[in-house]
Structure formats: C-alpha cells, structure tokens
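Engineer: Sequence:
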Amino acid sequence: MSDELPAPKDVRDLLADLLGRDVTVQPDNPPSGEVPPTAVFVRDDLSLAGVIGFQLPLAANVAAAVGLIPPGGAEACVEDGELSPLFGENLAEVCNVLTTLFNRKDGPHVKFHALHRLGSEVPNDVVSHLQSLGNRLDLSVEVAGYGKGTFSLVVPL
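In UniProt numbering, the protein residues as written are 1 to 157.
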C-alpha cells in the first residue's frame, strides 16, 4: 500500500455517493481523549495498512444514514455512549466501502479487517497508530440531516 493519503474530496465524494446525502468535510484537529470506534485495514499478509477512527457522533450518524434509520436513532446511540449492534454492522459495511481510500492501482491489495466499537478492546498497536502524528488525515465530516463528527484516517509511515 502506498503511504499516500486520500484527498478530503475523495472522502467526501465516497461518503456522499454511499449515503445518498450531501456530505461536507473540513480539515480538523486530531481528536483527543477516549479511543473512538476504530476500523482496521490490512494487506493480504495481514500487516497493518491503516486505521480510521470515527468520533462517536459521526459513527452513529454514518451508520444511521446508510441504514436509512432516522436521525433520532443516531442521537440515541450518542446518548447511550456506544453503538448498538445494528449500528456496528452498518458502520462495518461503510468501512468495507472505505477500503477504496487505501487501495492504489499499483499498490498491494488492502482489505477491511475489523471494527472495534467504542468500549471494546482496541489492540495497543492500533491505538498507537490512531494516536500518532504524521501521516494522517483528520476531517470534520457532516452528513446532511444527521450531524457531524471527526474522521481520522492514519497510514503507517
């Protein structure tokens, strides 16, 4: 896999096409605090290719939008402080599509490996990559009709 980051427009276009809603993105600061729902992407040899962290409000909003669940369902997940199993499944489907952000024409094949929901045990190596500075893209992502949150894509150097 290339260590090249996708352009913010690529993230916006992919999410907008997948969700069938307007999506806006703006540069943001890396989140701090609690480890968010985190997706792990690997190469065919299972080496880490990248991680994506979704601030809980964004995770819930994206999962609701892809599942055609009213915004109130996303709000309930945020109030509960965790993704329900259905929302976790929906977010995993989104992550599967987000794999295209990692795959390059002449690079190794990258696939979605796992989603660690908020409150689950996230492996230490994944946490260290998610919290590292350097080769990362942090965006404030807003899904029309649902809300916004931080999206953090990190690839190992």
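I should point out that these hints are in silico values taken from the structure, not numbers from a laboratory. Keep in mind it's a predicted model, so treat the numbers as computed, not measured. Any given hint might turn out to be false.
[Said to hold, decoys possible] With a Cα cut of at most 30 Å, we get these calculated DSS-like pairs of lysine-lysine:
#1 Lys9 <-> Lys105
#2 Lys9 <-> Lys148
#3 Lys148 <-> Lys111
#4 Lys111 <-> Lys9
Engineer: So if I understand the rule, the pair passes when the alpha-carbon distance is 30 Å or less; does Lys111 with Lys9 pass?
Structural biologist: 21 Å, holds
Engineer: Taken at face value, is the distance from the CA of Lys148 to the CA of Lys9 at most 30 Å?
Structural biologist: 16 Å, holds
Engineer: When you check the alpha-carbon spacing of Lys9 and Lys105, does it fall within 30 Å?
Structural biologist: 19 Å, holds
Engineer: Need the status of pair Lys148, Lys111: alpha-carbon distance at most 30 Å?
Structural biologist: With Cα atoms ~26 Å apart, Lys148 and Lys111 stay inside 30 Å; holds.
Consistency note: the structure conflicts with none of the earlier hints.
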